[in-house]
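For reference, the chains in residue letters:
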Amino acid sequence: MTAELDAAIAVSRFGYGARPGELAAASSDPRGWLLAQLDRRAPPPAELAGLAPGSQVLAQFLAAREEQREARKTAARADSGDPVQKVANRVREVLLPHYLAQAAARTKAALATTQSFRERLVQFWTNHFAVSVDKPICLGTAGALENEVIRPHVCGRFADMLLAVETHPAMITYLDNQQSVGPDSDLGERANRRRRFGAAPKAKTGLNENLAREILELHTLGVDGGYTQADVTRFAAVITGWSIGGGQGRLASGTPGTFQFRGNLHQPGAQTVLGRRYAEGGFEQGQAVLRDLAAHPSTAHHLAVKLARHFVADDPPPALVETLAHAYRSSDGDLPTVYAALVHWDGAWAPTPRKFKTPAEFVYSSLRAFGVVPAEQKALLAGFELLGQRHYSPGSPAGWPDRAQDWDGADALMKRIEWSVALADRVGESHPATATLDAALGPLASEHTRTALSRAASGSQALSLLLMSPEFQRR
Amino acid sequence: MPSRRDVLRWGLGAGALLGALPGISFAGAGGSARFVVVILRGALDGLTAVPPYGDDAYAPARGPLAIARPGAAKGALELDGFFGLHPSLEGLHERWLARELLVVHATASPYRERSHFDGQNVLESGGEHPSGAASGWLNRALAALPASAGQGLALGQNVPLILRGSAPVGSWAPSALPEVEPELVSRLRDLYSNDATLSARLDEATRIGALADEDGADAGAQKKMARGGNVERLKAIAETAGRMLAATDGPRVAVMDAGGWDTHAGEGGADGQLATRLRALDQVLGALRGGLADAWSRSAVLVCTEFGRTVEVNGTRGTDHGTGAAALVVGGAVAGGRVYADWPGLSSRARYEGRDLRPTTDLRAIAKGLLADHLHVPSRALADVFPGSERIPAASGLVRA
Numbered sequence: 343m344t345a346e347l348d349a350a351i352a353v354s355r356f357g358y359g360a361r362p363g364e365l366a367a368a369s370s371d372p373r374g375w376l377l378a379q380l381d382r383r384a385p386p387p388a389e390l391a392g393l394a395p396g397s398q399v400l401a402q403f404l405a406a407r408e409e410q411r412e413a414r415k416t417a418a419r420a421d422s423g424d425p426v427q428k429v430a431n432r433v434r435e436v437l438l439p440h441y442l443a444q445a446a447a448r449t450k451a452a453l454a455t456t457q458s459f460r461e462r463l464v465q466f467w468t469n470h471f472a473v474s475v476d477k478p479i480c481l482g483t484a485g486a487l488e489n490e491v492i493r494p495h496v497c498g499r500f501a502d503m504l505l506a507v508e509t510h511p512a513m514i515t516y517l518d519n520q521q522s523v524g525p526d527s528d529l530g531e532r533a534n535r536r537r538r539f540g541a542a543p544k545a546k547t548g549l550n551e552n553l554a555r556e557i558l559e560l561h562t563l564g565v566d567g568g569y570t571q572a573d574v575t576r577f578a579a580v581i582t583g584w585s586i587g588g589g590q591g592r593l594a595s596g597t598p599g600t601f602q603f604r605g606n607l608h609q610p611g612a613q614t615v616l617g618r619r620y621a622e623g624g625f626e627q628g629q630a631v632l633r634d635l636a637a638h639p640s641t642a643h644h645l646a647v648k649l650a651r652h653f654v655a656d657d658p659p660p661a662l663v664e665t666l667a668h669a670y671r672s673s674d675g676d677l678p679t680v681y682a683a684l685v686h687w688d689g690a691w692a693p694t695p696r697k698f699k700t701p702a703e704f705v706y707s708s709l710r711a712f713g714v715v716p717a718e719q720k721a722l723l724a725g726f727e728l729l730g731q732r733h734y735s736p737g738s739p740a741g742w743p744d745r746a747q748d749w750d751g752a753d754a755l756m757k758r759i760e761w762s763v764a765l766a767d768r769v770g771e772s773h774p775a776t777a778t779l780d781a782a783l784g785p786l787a788s789e790h791t792r793t794a795l796s797r798a799a800s801g802s803q804a805l806s807l808l809l810m811s812p813e814f815q816r817r
Numbered sequence: 005m006p007s008r009r010d011v012l013r014w015g016l017g018a019g020a021l022l023g024a025l026p027g028i029s030f031a032g033a034g035g036s037a038r039f040v041v042v043i044l045r046g047a048l049d050g051l052t053a054v055p056p057y058g059d060d061a062y063a064p065a066r067g068p069l070a071i072a073r074p075g076a077a078k079g080a081l082e083l084d085g086f087f088g089l090h091p092s093l094e095g096l097h098e099r100w101l102a103r104e105l106l107v108v109h110a111t112a113s114p115y116r117e118r119s120h121f122d123g124q125n126v127l128e129s130g131g132e133h134p135s136g137a138a139s140g141w142l143n144r145a146l147a148a149l150p151a152s153a154g155q156g157l158a159l160g161q162n163v164p165l166i167l168r169g170s171a172p173v174g175s176w177a178p179s180a181l182p183e184v185e186p187e188l189v190s191r192l193r194d195l196y197s198n199d200a201t202l203s204a205r206l207d208e209a210t211r212i213g214a215l216a217d218e219d220g221a222d223a224g225a226q227k228k229m230a231r232g233g234n235v236e237r238l239k240a241i242a243e244t245a246g247r248m249l250a251a252t253d254g255p256r257v258a259v260m261d262a263g264g265w266d267t268h269a270g271e272g273g274a275d276g277q278l279a280t281r282l283r284a285l286d287q288v289l290g291a292l293r294g295g296l297a298d299a300w301s302r303s304a305v306l307v308c309t310e311f312g313r314t315v316e317v318n319g320t321r322g323t324d325h326g327t328g329a330a331a332l333v334v335g336g337a338v339a340g341g342r343v344y345a346d347w348p349g350l351s352s353r354a355r356y357e358g359r360d361l362r363p364t365t366d367l368r369a370i371a372k373g374l375l376a377d378h379l380h381v382p383s384r385a386l387a388d389v390f391p392g393s394e395r396i397p398a399a400s401g402l403v404r405a
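Sequence lines, in order, name chains A and B. Each residue of the first sequence is one higher than the one before, starting from 343 at the first, in our numbering. Each residue of the second sequence is one higher than the one before, starting from 5 at the first, in our numbering.
Isolated chain A, as found in the complex (with noise of 0.2 Å):
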């Protein structure tokens, strides 16, 4: 009984739910179930294959933006049609079925996952390095950040995931940083040479703080995590010339959508950052401070209370978040090895659910519950846009929120059951609704619940009544 009530518990709470079969197969040694989805080297799901690289989706987008840029100077000489409506929309053409494709492969891999802990982690580390798409040059390489950087390390170290994330293309057209410019930079000198004698520089030039606040805020310190707006602003001056090849003007060198450390912007000097120089050194100044970022205190405790939150409840339990920052520290931010703590900490075994789902893992757990991957795009992505979280938009760097507070709204319950509804309506007869409880909560499906299903007016609405119980809108 226990194993089974623990087998429920590490698919549910730290996956995305069980598939018909699941829990038999993790009954025999749930932890172990769990710990065996943590290798290192594990090659990513067959459903991503095919992807357009993040850097291509982008050179794309710089391209269409030039033309558009172009369309608006003819159509400023010459009042003909509407070419710029024309081109903003061919720039949407372009990139939505990247999007598309990249929100369609990661839902069909947490369906179809038998190692959805795993990939529960992948998602839990790219919404804490949220880029959204509706800032539309991140509309093409929001998922290939997911893909390019977070899951190669997400069974690695922190410190090298923080470096690959905040020089992935995707971070830094999000948060700004490609124009952001040293005032003593050659460039910044040149602007500042045309200013003395007294004409307009060409552009404006300065830095841009949005990056480096957001790596000290989110990121990693946490924003009581000891830094000041000095220490911002000293950071964001490391990191100017962290930029993309391929845009316009000063921008136009460097392979088009890449990554391109750009010497002519950075400020040159050494910088202190939360007390300690740092000295000259381009691009590896900026790694150097990330690098000690990586290892401070307040990082581990930052990141703790993160996954202590995700997967054991709203307000986690002190002694918890104390045990994953100590494995994050002893084993210098070894991913693996926090994650091994979370998992034999007692405490997070209880059998009471303390967690109130977010759509997608709705979403996820129900159509893994039955054992359905859609085969259409439409119907595989409809859920998450229907119930508040659409793919890769979370509207903030900060991510989509994690607490129970923050879904549960009346309106959202209501939109939960018309999507419930809808669900149990296609899926319809051929998944017999005890059959299906019992595959999908096993003991941790109430009396109650199980007498509610057995009195319902038709299949379809105890399937319904499945998805909209307590047990399964929690985990």
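Hints in this document: simulated from the structure, not taken from any laboratory.
Straight-line C-alpha distance at most 16 Å; calculated EDC-like pairs for lysine to aspartate or glutamate:
| hint | chain 1 | residue 1 | chain 2 | residue 2 |
| --- | --- | --- | --- | --- |
| 1 | A | K697 | A | D748 |
| 2 | B | K228 | B | E183 |
| 3 | B | K227 | A | E727 |
| 4 | A | K697 | A | D657 |
| 5 | A | K697 | B | D199 |
| 6 | B | K227 | A | E760 |
| 7 | A | K697 | A | E813 |
Remember, it's a predicted structure, so these values are computed and weren't measured experimentally.
Based on the hints, put chain B in the right spot on chain A.
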């Protein structure tokens, strides 16, 4: 047994209030007032939305982002000879001319750092510092009103922090899917009989759903709303929300929020990224007014943001996180047609930490003034609504007498 405070709140509180308003019944006056808070997430640039064109330091500091003076090509819409409105805000300017728009400038919550997420936490929780607070100031204000006063409505699937708390609130967003059969709802009610949270949510959802149906948002209309383009969709939601608020038994307060104001790069001036968003905001507020119809005369809408942006333009033709911001109060009940600001100036010396517009008006004073004079929240309760704000008196005269 109720505590002394509860007696004051529920018993004496209402009586004292009625006594203070001789000749006006509760339902007829304070009881019918409607209050909407619009949160612009990401930090609205108040120097572009409400340009202080009369400040000599404005145009030099803003360079290519500066909005020209009224009368110039693409110039600001004139307010008072010193401040203007962004040229995209035509509908709000009409409200200004009708003396229904009060512009608040150089304002801020008590938060003085520059994190969006902590800034929004303080703006919504009503506390002095970011915290894990479980309730927001607007919910606590509702809780201080008589229980019959009606509930709160969040426009969206979920309830933002500002409206979370012990007073019952609902949420609503249009749906692209068919309505759920009442028979299934009653089965779910049974299924949730041991689950306080889910059963409360289900009750709220059915109540608000019925209200939305009554007010013309049937399944067909909702489907169109849920699938329309962004601005059109927001306008349709705002108009429906206005109709729900206008209903006699409708909610008294509502919250809308919109992101996308974090203009670090390519912000634009009279045209461009921010101008497009401001135009959408203007239209959405117009749609809300249309939905409220006659109830507009009893309404006040507070438009606010977590903090302002830097005075100087940054290296990417945008602005970074700042401090002092602008807020708008608009509605038929608002004593408008004026700018509420103790202007600190934009010169380098006048700035907060040398970079930001210095805040001189605590946004809590505005919110407290609206709660006290418009919703008639008892003044005693305001200390619970905004804990730690004792030395920030409520601004008076924000609504028409």
